[in-house]
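The task is simple: from the sequences and hints, build the whole structure.
Protein chains: 2
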Amino acid sequence: QHVVVCGYGTKGRSAIRALLANGTDKEHVVVVDPSPTAIEEANSLGFTGIVGDAGRADVLRRTSIEKARAVVVAANRDDTAVLITLTVRQLNPSVPITASVREEENASLLRQSGADSVITSSSTSGRLLGLATDSPRVVAVVEDLLTAGHGLDLVQRTVTSAEVGMGARQLRDVVLSVTRGGRTLRFDDAAIGTLQSEDVLVVVRSN
Amino acid sequence: QHVVVCGYGTKGRSAIRALLANGTDKEHVVVVDPSPTAIEEANSLGFTGIVGDAGRADVLRRTSIEKARAVVVAANRDDTAVLITLTVRQLNPSVPITASVREEENASLLRQSGADSVITSSSTSGRLLGLATDSPRVVAVVEDLLTAGHGLDLVQRTVTSAEVGMGARQLRDVVLSVTRGGRTLRFDDAAIGTLQSEDVLVVVRSN
Ligand SMILES: [Ca+2]
Ligand SMILES: [Ca+2]
Chain A
210 QHVVVCGYGT KGRSAIRALL ANGTDKEHVV VVDPSPTAIE EANSLGFTGI VGDAGRADVL
270 RRTSIEKARA VVVAANRDDT AVLITLTVRQ LNPSVPITAS VREEENASLL RQSGADSVIT
330 SSSTSGRLLG LATDSPRVVA VVEDLLTAGH GLDLVQRTVT SAEVGMGARQ LRDVVLSVTR
390 GGRTLRFDDA AIGTLQSEDV LVVVRSN
Chain B
210 QHVVVCGYGT KGRSAIRALL ANGTDKEHVV VVDPSPTAIE EANSLGFTGI VGDAGRADVL
270 RRTSIEKARA VVVAANRDDT AVLITLTVRQ LNPSVPITAS VREEENASLL RQSGADSVIT
330 SSSTSGRLLG LATDSPRVVA VVEDLLTAGH GLDLVQRTVT SAEVGMGARQ LRDVVLSVTR
390 GGRTLRFDDA AIGTLQSEDV LVVVRSN
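Top line first, the protein sequences correspond to chains A and B.
The numbering of the first sequence is the numbering used here, which starts it at 210 and goes up by one.
The numbering of the second sequence is the numbering used here, which starts it at 210 and goes up by one.
The hints are simulated quantities; they were obtained by calculation from the structure and are not laboratory data.
One or more hints might be untrue.
Identical copies look the same in the list; a pair holds intra-copy or inter-copy alike.
Below 25 Å or equal to it, Euclidean Cα-Cα: the simulated SDA-like pairs (lysine to any residue) are [as the list claims (entries may be wrong)]: (1) Lys-235 with Glu-313; (2) Lys-235 with Glu-275; (3) Lys-276 with Asp-325.
Quick look at the structure:
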């Protein structure tokens, strides 16, 4: 039921905001951080805070990691992220782990350590830096897309029964991609034809 | 004509890839980094590399900063980013500066130092971490959107003459926002009506 978030810095806090905006209850957020003041703040906001190093098995066991529905690794250093991921994977072989690293060269090490999804901060912000130079409005749009609950949101969802049989561009939401039978098709791919039940969409929704 | 990129780590390299994909010639990229091996690599790829600390005026002057069309600050540390931004602004009061910081609390300091556009890496990657937990496909879509040249691209452009008079959802590109007279409207805002010349769009384009 619960999500374990390792690291309560800027990254961990942003991750939690995104989790809450997407429907996770704050009672189901468990935060681990070595800083007692950070954990005090997490507790005061209604999360379950645990002071300690998430790279240590005895600390992770206190989060009931074996029953977690997901783990977010939001460490400040890449070596710390690897150690946490390895330890989580040892204690729970099947929980989905989402982790972030700073450097691209460490992304594959993180996958090798057991992370299912890896965010490379410096590549992502580098791309945004380059884009922003000639397209300053794009940065505001990306920030909006990634911040759920107001303005534009990027959302993954399945097709509703009312949408089955419609074209990808006839929906109220703006469809960007359709995943069907393991294949992901872009919105303008003729192979989409009409939407089928069980299609998974990535859409832009306007609130 | 040229863009000065301060920092040739993962972030700076990603920024340059984005600049090239958006039409900047490699002859117009000037890279500053303290590492001679990094600069050697930059030179071998056809950029103009300068070894030195971009926070020093004498180093920045060697980039012809006073004639640059844009500056990208891709430093690894937030204090370095602030120092570079202040020095650039001192030497060129009007050049657009795009900068990145790790921590949210430093974003306002960077704006105060003269940056026009600020990317906060840890907030952005934190949001992606949170989103990825429940919507793993969203991460791949975001990476695709931010990587120009193939798949889906996020693009800022003006309305073409053929598009004037059309509705925002009738274009081949998927329109996300329309900026008109300083106001930015979301794709489903009734106030858009039909597109007007001089409207600036942020669109998703499929290659
Ligand atoms: Ca939003
Ligand atoms: Ca792309």
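Here's how the hints hold up against the structure:
1. Lys-235 with Glu-313: between (32 Å within a copy, 22 Å between copies)
2. Lys-235 with Glu-275: within (19 Å within a copy, 51 Å between copies)
3. Lys-276 with Asp-325: within (17 Å within a copy, 46 Å between copies)
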